[in-house]
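Now for the letters of each chain:
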Amino acid sequence: MSLSIQIQKSPDPRHAGVVTIKLIGSLDTETAPELDRQMVLCLTGPVNDLVFDLAELKFVSSAGLRLFQVARKQMVARGGGHASFLNMQPQVAEVFTIIQSLPGIGVFKDLEALDRYLATRPRPNLWPGAQK
Amino acid sequence: MTLKLHATAGEVMRAVGTLQQFAQALGAPEASIFGLALALEECGSNIVNHALQRDARQTFQVCIEHTGGSLVIELRDCGPAFDPTLAPARSPNVDPEAAPGGWGIQIVRRYTDEIHYAREGNENVLRLTKRLSLPAEEKKLINQPKPSTDP
Numbered sequence: 010m011s012l013s014i015q016i017q018k019s020p021d022p023r024h025a026g027v028v029t030i031k032l033i034g035s036l037d038t039e040t041a042p043e044l045d046r047q048m049v050l051c052l053t054g055p056v057n058d059l060v061f062d063l064a065e066l067k068f069v070s071s072a073g074l075r076l077f078q079v080a081r082k083q084m085v086a087r088g089g090g091h092a093s094f095l096n097m098q099p100q101v102a103e104v105f106t107i108i109q110s111l112p113g114i115g116v117f118k119d120l121e122a123l124d125r126y127l128a129t130r131p132r133p134n135l136w137p138g139a140q141k
Numbered sequence: 211m212t213l214k215l216h217a218t219a220g221e222v223m224r225a226v227g228t229l230q231q232f233a234q235a236l237g238a239p240e241a242s243i244f245g246l247a248l249a250l251e252e253c254g255s256n257i258v259n260h261a262l263q264r265d266a267r268q269t270f271q272v273c274i275e276h277t278g279g280s281l282v283i284e285l286r287d288c289g290p291a292f293d294p295t296l297a298p299a300r301s302p303n304v305d306p307e308a309a310p311g312g313w314g315i316q317i318v319r320r321y322t323d324e325i326h327y328a329r330e331g332n333e334n335v336l337r338l339t340k341r342l343s344l345p346a347e348e349k350k351l352i353n354q355p356k357p358s359t360d361p
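Keeping their order, the protein sequence lines are chains A and B. Take the first sequence: its position 23, counting from 1, is numbered 32 in the working numbering, and each next residue is one higher. Take the second sequence: its position 81, counting from 1, is numbered 291 in the working numbering, and each next residue is one higher.
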């Protein structure tokens with residue numbers, strides 16, 4: 010099993026600072042370190058909203074869930090940033106339910122729902138470490 | 211089927227892949243395969259990361275069997291004695307960086323029917339059992355003659 014990671018900044022100026030990380034395949038003990046590395050690189054830029062698109066994530070273990078928690082914590086530490094999930098599949102959603110790790114993390118069934126949320130949310134303009 | 215594995219994440223996932231193929235060949239439901247794969251990933255990772263300290267020279271063993279309508283996964287390692295069945299449930303409010311671990315055993319409990327730990331000599335032996343409802347067995351049950359109700 011492998012993991013493909015596609016990171017995309019939103020081209021929509023209304024969604025500046027929104028970065029989507031699409032995960033395809035398996036997020037497990039072997040592949041989690043690569044996502045960790047790529048998240049670190051990604052978060053060196055001006056990211057206000059980190060969105061994980063899980064439409065094609067087939068498998069996630071606690072190694073991956075831990076990274077999601079870390080991402081949420083880092084976004085909060087930026088002062089108003091958020092981590093969200095999009096298109097979560099039922100088997101993966103069940104794993105989240107088991108460990109009750111969703112509090113504080115937005116979950117959206119599709120892109121339309123996420124767009125509605127982003128349109129109404131106040132937009133902090135953050136660079137890492139810029140806000141105290 | 212028995213696998214001898216080195217203490218690396220890649221080897222854990224090799225065992226998971228083997229388990230998935232084994233369970234698919236049996237005709238096990240996808241949900242059961244997903245859960246068993248997750249349980250094996252969690253237990254194997256625990257052995258690699260904690261019992262064997264990611265020392266790739268160290269090895270552990272995974273045995274996969276279909277017996278008595280159940281799929282049984284047995285993991286053996288020579289790490290320090292550790293009974294994961296005694297691990298308490300993790301609070302959802304605990305900071306994952308401050309207190310890593312604890313999620314794995316919750317996941318294993320959810321996706322297996324039985325978890326049994328024993329210390330045998332210098333080995334930790336963990337047996338995970340999942341009862342399977344296989345298509346062939348269902349068919350066999352359907353085709354069985356109904357017991358007579360005659361006195």
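A couple of the hints might just be wrong.
[What the hints assert, rightly or not] Straight-line distance between alpha carbons at most 30 Å, and here's what the computed DSSO-like set of lysine-lysine pairs gives:
id, chain 1, residue 1, chain 2, residue 2
1, A, 82, A, 31
2, B, 340, B, 214
3, A, 67, B, 340
4, A, 82, B, 214
5, A, 18, A, 82
6, A, 67, A, 18
[To be verified] Partial pick of chain B residues on the chain A-facing surface, computed with a CB cut under 10 Å:
id, residue
7, 230
8, 237
9, 238
10, 286
11, 312
[Stated by the list, open to error] Away from chain B, derived, C-beta distances all over 10 Å, residues of chain A:
id, residue
12, 29
13, 50
14, 74
Honestly, the hints are just simulated from the structure, not real lab data. Backbone N, C-alpha and C define an ideal beta-carbon position, used for all residues, glycine too.
Status of the hints after comparison with the structure:
For a cut-off of 30 Å, the pair hint linking residue 82 of chain A to residue 31 of chain A stands: about 19 Å separates their Cα positions. For the proposed pair residue 340 of chain B and residue 214 of chain B, the alpha carbon gap of about 22 Å is at most 30 Å, so the pair holds. Between residue 67 of chain A and residue 340 of chain B, the direct Cα distance comes to roughly 21 Å. Compliance with the 30 Å bound is thereby established for this hinted pair. Annotation: proposed proximity of residue 82 of chain A to residue 214 of chain B is violated, straight-line Cα distance about 38 Å (limit 30 Å).
At roughly 20 Å between alpha-carbon atoms, residue 18 of chain A and residue 82 of chain A fall within 30 Å of each other, so this suggested pair holds. With a C-alpha separation of about 23 Å, the suggested pair residue 67 of chain A and residue 18 of chain A falls inside the 30 Å cut-off, and the hint holds. Checking residue 230 of chain B against chain A: minimum C-beta separation of about 9 Å stays under 10 Å; hint holds. Here the hint on residue 237 of chain B is broken, as its CB sits about 19 Å from the closest CB of chain A, past 10 Å.
A least Cβ separation of about 14 Å between residue 238 of chain B and chain A goes past the 10 Å threshold, and the interface hint is therefore violated. Interface hint status for residue 286 of chain B: violated, as the beta-carbon distance to the closest one in chain A is roughly 19 Å, over 10 Å. Evaluation of the residue 312 of chain B hint against chain A yields a held restraint, the C-beta minimum of about 9 Å falling below 10 Å. Interface exclusion of residue 29 of chain A from chain B stands, the closest Cβ pair being 23 Å apart, more than 10 Å.
Remark: the non-interface label on residue 50 of chain A is consistent with the geometry, its nearest Cβ contact in chain B lying 19 Å away (cut-off 10 Å). For residue 74 of chain A, the condition that its CB be more than 10 Å from all CB atoms of chain B is violated, with the nearest at approximately 6 Å.
Hint violations for this structure: numbers 4, 8, 9, 10, 14, all remaining hints satisfied.
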